[in-house]
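Asker: Protein chains in written order, with our numbering: chain A, 1 to 235; chain B, 1 to 235.
Hints in this document: simulated from the structure, not taken from any laboratory. These numbers were taken from a predicted model, which means no experiment stands behind them. Some hints could be false.
It does not matter which identical chain is used: a pair holds within one copy or between any two.
As the list claims (entries may be wrong) - Straight-line C-alpha distance at most 25 angstroms; calculated SDA-like pairs for lysine to any residue: (1) K195 - V221; (2) K47 - F216; (3) K144 - G28; (4) K180 - P105; (5) K65 - L230; (6) K47 - K144; (7) K47 - N222; (8) K65 - D110.
There are 2 protein chains.
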Amino acid sequence: MKTNQVINPAGLYEFQNESLNLLTSVLGVSKAVSYIVDEQARPICYKTYHMQSSMHREYMETYHKLDPLHPTQFSEQDATVVKMNDLVSTQNRYNHPYYTNFISPWGVQDIVELFLRVDNRLVAGFALFISKQQSELRSADINKAEQIHRFMQFSLEQSYSSPKQAQFDHFCTAFQLTPKERMVVQLVAQGLPNKTIATDLNCSLATIKTHLQHIFAKLEVNSKTEVASLLYQTH
Amino acid sequence: MKTNQVINPAGLYEFQNESLNLLTSVLGVSKAVSYIVDEQARPICYKTYHMQSSMHREYMETYHKLDPLHPTQFSEQDATVVKMNDLVSTQNRYNHPYYTNFISPWGVQDIVELFLRVDNRLVAGFALFISKQQSELRSADINKAEQIHRFMQFSLEQSYSSPKQAQFDHFCTAFQLTPKERMVVQLVAQGLPNKTIATDLNCSLATIKTHLQHIFAKLEVNSKTEVASLLYQTH
DNA sequence: CTCTATATCAACCATCCGGTTGATACCGGT
DNA sequence: ACCGGTATCAACCGGATGGTTGATATAGAG
């Protein structure tokens, strides 16, 4: 039972929306994706901005394995803002199927990835897509992204020590919820339907239903609305 | 649009549970019922203690019209604790169908009713049932009931000026919810299924569904869980 | 090396819920 | 006298949800 030591991404979901909004409105990007990183360093809870769902599906099914900016590559590093075209030489890029078969056909020229960490652990990431129609990213743009990253990192640390977060943690530990169950509760508290929760957590509807059964049993309730209600009443 | 002036029973439901628990655990009663009183002085949201559901059904269908302690009788008075056997003479009691056909067959000897008011308006009531097996209520018992009533009245006034109540009111007025819609939202926030909400509000399932459609439209959501979620997020 | 906890998924069924349409009734303001 | 807002109810449909059973896989504890 190591539930207590787990860093729980409660509150991250709202943070994620706000951050994605900030990034896409300030920087000139054609598409963007944000995600949470779970304890196994795997990205979950994708939120997209101006990205075709078919493109995202392609990534999820195939190209995530080839992604040079995939979070698993960076979980042990301290990289914050990484530009794909800096990471991969022009030569290698044109031989790289990730570039030739996926990024390029979708009209993308470059990708800038921002990583957020708490206690040195990678907890969230943002991928900003630069289209071929745009000019090459200048150092000024990268600088902007770094400044925004700095503030997001600050904001994230605030979120982790907020009373709301503490309250949520207390709630979850009081009912002895497992890490996955906590995430489900978090999404239930957003009022999301099961299907969306399954998509967000990158697992099947059946799994979510099983998690929900366990949550219902632990909280002694029998509907998602009651779960949200309990959270509301516990403040 | 007189929504703003309406006294809204938000938070009353929790209060109701706590009060019923207090009364039944401290005083020697065989059954008890509590209810909220709406703007039309009609009782809604019944909560029962040790009362057979068939007895309550009989009351709801027939005998509420004959009830000498019915809240409509007391909405304009300032009565607080009323003992039925003090109100109705022994002679009249034995000719009264409410007593001979309803109360007596269910083994009840006497009823003590407690009324709670805010700004002189009757907002909630509690009926305590004394069984025939119990000794006649002594003045000491009535005194206890009056002391408890005093504290309940105090507590109720606190509830009405609590931040939680203010927050809820602000939430409802922000979305321009009608009085009935507020009550529905209040019950949704308890995580209750529609059927229970209908029973509580003493109207049909269809009516609740219509109210919910209006609420969904006003809050721009499309599920009850999202309503609870919105309330939770708004603190 | 078991055994338990956790996480994953499938299939089934009954019920609940959301969405819609349409209808009646009451009240208050124009 | 008419109209808009509120409250009430009915009937229908399809999809979402809750409940159950059973199964597999992995990891950590004893």
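Asker: 25 angstroms Cα cut-off: does K47 pair with K144 within a copy, between copies, both or neither?
Answerer: within (22 angstroms within a copy, 60 angstroms between copies)
Asker: With 25 angstroms as the alpha-carbon cut-off, assign the pair K47 and N222 to within, between, both or neither.
Answerer: between (29 angstroms within a copy, 20 angstroms between copies)
Asker: Quick one: K65 to L230, C-alpha cut-off 25 angstroms, is that within a copy, between copies, both, or neither?
Answerer: neither (40 angstroms within a copy, 37 angstroms between copies)
Asker: Check K65 against D110 for me: Cα-Cα at most 25 angstroms, and say if that holds within a copy, between copies, both or neither.
Answerer: within (18 angstroms within a copy, 77 angstroms between copies)
Asker: At most 25 angstroms between C-alpha atoms: does K144 with G28 qualify within a copy, between copies, both, or neither?
Answerer: within (11 angstroms within a copy, 72 angstroms between copies)
Asker: Evaluate K47 and F216 at a C-alpha cut-off of 25 angstroms and name the case that applies: within, between, both or neither.
Answerer: Close across copies (24 angstroms), not inside one copy (27 angstroms); limit 25 angstroms.
Asker: If the cutoff is 25 angstroms on CA atoms, where do K195 and V221 land: within, between, both or neither? Let me know, please.
Answerer: Cα proximity of K195 and V221: in one copy and across copies (20 angstroms, 16 angstroms).
Asker: Could you figure out if K180 and P105 sit no more than 25 angstroms apart (CA to CA) within one copy, between two copies, both or neither?
Answerer: For K180 and P105, the Cα distance exceeds 25 angstroms both inside one copy (36 angstroms) and across copies (55 angstroms).
The earlier numbered hints that this structure contradicts are 4, 5.
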